[in-house]
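Number of protein chains: 2
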Amino acid sequence: MSVTALRDPLLAGALEQIAREIDSMFDALLPVQGTLAEAMRHAAIGGGKRLRPLLLTATAAMHGVDRAQALRAAVAIEAVHAYSLVHDDLPCMDDDALRHGKPSTHKAFGEAMAVLAGDALQAFAFEVLSDPATSGDPFVRAELVQVLAAAAGAHGMVGGQVMDIEGEGQALDLPAITRMQMLKTGALLSAAVEMGAVLGKQPAEGRVHLKGYARDIGLAFQIADDLLDHAGDEGKAGKALRKDAEAGKQTFVALLGEDRARDQARMLTDQAIALLGSYGQEADLLRAVARYIVERDH
Amino acid sequence: MSVTALRDPLLAGALEQIAREIDSMFDALLPVQGTLAEAMRHAAIGGGKRLRPLLLTATAAMHGVDRAQALRAAVAIEAVHAYSLVHDDLPCMDDDALRHGKPSTHKAFGEAMAVLAGDALQAFAFEVLSDPATSGDPFVRAELVQVLAAAAGAHGMVGGQVMDIEGEGQALDLPAITRMQMLKTGALLSAAVEMGAVLGKQPAEGRVHLKGYARDIGLAFQIADDLLDHAGDEGKAGKALRKDAEAGKQTFVALLGEDRARDQARMLTDQAIALLGSYGQEADLLRAVARYIVERDH
Numbered sequence: 079m080s081v082t083a084l085r086d087p088l089l090a091g092a093l094e095q096i097a098r099e100i101d102s103m104f105d106a107l108l109p110v111q112g113t114l115a116e117a118m119r120h121a122a123i124g125g126g127k128r129l130r131p132l133l134l135t136a137t138a139a140m141h142g143v144d145r146a147q148a149l150r151a152a153v154a155i156e157a158v159h160a161y162s163l164v165h166d167d168l169p170c171m172d173d174d175a176l177r178h179g180k181p182s183t184h185k186a187f188g189e190a191m192a193v194l195a196g197d198a199l200q201a202f203a204f205e206v207l208s209d210p211a212t213s214g215d216p217f218v219r220a221e222l223v224q225v226l227a228a229a230a231g232a233h234g235m236v237g238g239q240v241m242d243i244e245g246e247g248q249a250l251d252l253p254a255i256t257r258m259q260m261l262k263t264g265a266l267l268s269a270a271v272e273m274g275a276v277l278g279k280q281p282a283e284g285r286v287h288l289k290g291y292a293r294d295i296g297l298a299f300q301i302a303d304d305l306l307d308h309a310g311d312e313g314k315a316g317k318a319l320r321k322d323a324e325a326g327k328q329t330f331v332a333l334l335g336e337d338r339a340r341d342q343a344r345m346l347t348d349q350a351i352a353l354l355g356s357y358g359q360e361a362d363l364l365r366a367v368a369r370y371i372v373e374r375d376h
Numbered sequence: 079m080s081v082t083a084l085r086d087p088l089l090a091g092a093l094e095q096i097a098r099e100i101d102s103m104f105d106a107l108l109p110v111q112g113t114l115a116e117a118m119r120h121a122a123i124g125g126g127k128r129l130r131p132l133l134l135t136a137t138a139a140m141h142g143v144d145r146a147q148a149l150r151a152a153v154a155i156e157a158v159h160a161y162s163l164v165h166d167d168l169p170c171m172d173d174d175a176l177r178h179g180k181p182s183t184h185k186a187f188g189e190a191m192a193v194l195a196g197d198a199l200q201a202f203a204f205e206v207l208s209d210p211a212t213s214g215d216p217f218v219r220a221e222l223v224q225v226l227a228a229a230a231g232a233h234g235m236v237g238g239q240v241m242d243i244e245g246e247g248q249a250l251d252l253p254a255i256t257r258m259q260m261l262k263t264g265a266l267l268s269a270a271v272e273m274g275a276v277l278g279k280q281p282a283e284g285r286v287h288l289k290g291y292a293r294d295i296g297l298a299f300q301i302a303d304d305l306l307d308h309a310g311d312e313g314k315a316g317k318a319l320r321k322d323a324e325a326g327k328q329t330f331v332a333l334l335g336e337d338r339a340r341d342q343a344r345m346l347t348d349q350a351i352a353l354l355g356s357y358g359q360e361a362d363l364l365r366a367v368a369r370y371i372v373e374r375d376h
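Residue numbers (my numbering), protein chains in the order written: chain R, 79 to 376; chain G, 79 to 376.
Mixed in with the good hints, there may be bad ones.
Since the list gives no way to pick out one identical chain from another, each pair is judged satisfied if it fits inside one copy or across any two copies.
What the hints assert, rightly or not - Listed below are the simulated EDC-like cross-link pairs for lysine to aspartate or glutamate, each with C-alpha atoms no more than 20 angstroms apart in a straight line:
hint, residue 1, residue 2
1, Lys185, Glu244
2, Lys279, Asp101
3, Lys127, Glu94
4, Lys185, Asp144
5, Lys289, Asp348
6, Lys279, Asp174
7, Lys289, Asp173
8, Lys279, Asp341
9, Lys279, Asp215
10, Lys279, Asp209
11, Lys185, Glu336
12, Lys279, Glu94
13, Lys180, Asp144
14, Lys180, Asp251
15, Lys289, Asp362
16, Lys279, Asp144
17, Lys289, Asp307
18, Lys279, Glu244
19, Lys185, Asp174
20, Lys180, Glu116
21, Lys289, Glu360
22, Lys289, Asp166
23, Lys127, Glu246
24, Lys185, Asp362
Because the hints were derived from the structure by calculation, they are not lab data.
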C-alpha cells in the first residue's frame, strides 16, 4: 500500500512529515563539498521508510520534547541505519546493486568510497548526538550516545549481522533466528524508542514497557519483511527480493510457513499495543506504527 | 631503534607502560565470545606504538586526571585508529596483507568480518567514552564524544583518507598534501591531546597551545613515516613498505627530497616543543614524544 493509501490518516500524515523532515535535516547537517559528501548524501537522503526516526520522534513527542531536538537525534539513528545498509550492500557482504530504487552506494561511488562514506556516517551520528544543539543537558547527550553506541555495536546491530552471515547455509532454529533478528533489526528499533524517552528525561524504570513495545514490533517487522521478501513486489521494494533463500539464509517464513508467520507477527503487534496500556491517546501514533508494520506491502 | 634502546628513559618507560595498559584495557572491555569478538581483538590488541593513547594519557596526567579514566578514553581513540587500519587494509582500499607483523584482519577473518569488526570497533569507542566509568561528569563524557567524533569523521580522519585516495596518480603540491595529512593522521593525534585536556577540564582557550603542539607533531610524524617508507626496514615496520610510490601517491619525501623533508620534520618538532613553553617538567613526556617521532626507526 502506498503511504497515501494508508487507512490510518494519523500515520499517513506522520510518515509523510517525517520523511520530509529527515531529508531536510540530513541536507542541513551533512557535509556539502566533495565526493565523500556526495556519497554520504546518496546513502542518507531520499530513501527508506524512516521508521526509526518516526519511532524516536513519536516517543519524544509523548514526553513533550522539542521537535527540532528530537529530529537531530532521529537523524543520528537514521545515519547509523543508513551506514549499515551501505556496508551490507558491499560485494563482500550481500552484494546488492540496488537500494531504495537507486544504485547502492558502491555501485554509484566505488567500493572504497562506500566503505568510507559508511564509516563517516557512523561518526556523524555521534557528532550530532553529542552536540549541545541536540540537548542543553549534557547528561541527556551522553546517554543518547550510550544507548545508540550500544545498540549499533557488537552486542547489537553488528553482532546480529555477524550471526546472519555465520548462519548462512546452516539450519538455524526458531530461537536462534529470533536472537539474531532481535540484534540485527531489533536493537536499533528499540534504541529509537529509548532515545525518545531519554530526550524526554524518562527514568530507566519508565522505559521498560516502551522497550518491550519496541522489541515486539522489531520482531514483527522482521517477520513481515520475510513475508514481503517471500511474496512481495520488487518494484515497490526498490531492492532485489528473494535473495535470502538464494543465499541459504533461514527465515521466519521458511521455519513457520506463511500462515503461522503471519499469525506470529499479528500476535506480536497485539502484545506491543498492550504494552502501551498505561498511555492515553498520546501513544496513538506508536499504536498505529505497530499495526502498519504488519500491514505494509513494501 | 627498539623501544628499549630509546635514549630517553622517561619515554622508553612510558611507551612500555602504555602498550601494556592498553592491551589489558582492551582485553577487559572488548567483547569476549564469537568470531566478531575475535576479529575485534585481533585488530585492537598487541600491535602499534600506541602513540594516541600515550599523548592522551600524558596530557591527562599533566592535569591531574585519574589514570584509569584516562586509559578508558585512550582505549576509545585507539579503537578508532585500529578500525581505520582494518578498513584501510581491505582489498578495495590499500589491499595490505600484513599489519603489525600479523595477517591483516581480512586476511585472518575474511572481508565481511573485517568490515563488521571495524564498524563494531567504532561503535565500541563511543560506548566506552559515554560510559559513566570514563568520567563522572556528563559534560566531560559528551565533550569527549564530540571531539573524537569530529576528528574521526568526514571533516577529519575519513576526509583525509578520501583525499588520499583521490590524490592517487595526481601531482599534489605541498599545501594539498599537508592539508590531506593534517586530516588523515593529524586530526586523531590532535584529538588525543585535546581529549586529555577535556578530561582535565581545561577550558577551550587553555587547549590552543596543546592543539598546536599536536598539529605540529602530527605533520612531523607523517614526514617521518614517509622517510621510513622510503628507506625503512620492512621487518621492523611489520608491514609492506614503499607501497605509496607504487600506488602513485605523492609523499613529502617525493616533493621535498630526503634532506629537506628531514629538516622540515625537525623544524616542526622544535616548534611543537616551543608551544609547550608555558608548562614545566610536567610536560617533559610530551616533549620526549615530539623528539621520538622524528628519531624513531619504525
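Of the hints given before, which are not true for this structure?
-> Going through the list in order, the structure violates hints 2, 4, 6, 7, 8, 11, 12, 13, 14, 17, 18, 22, 23, 24 and respects the others.
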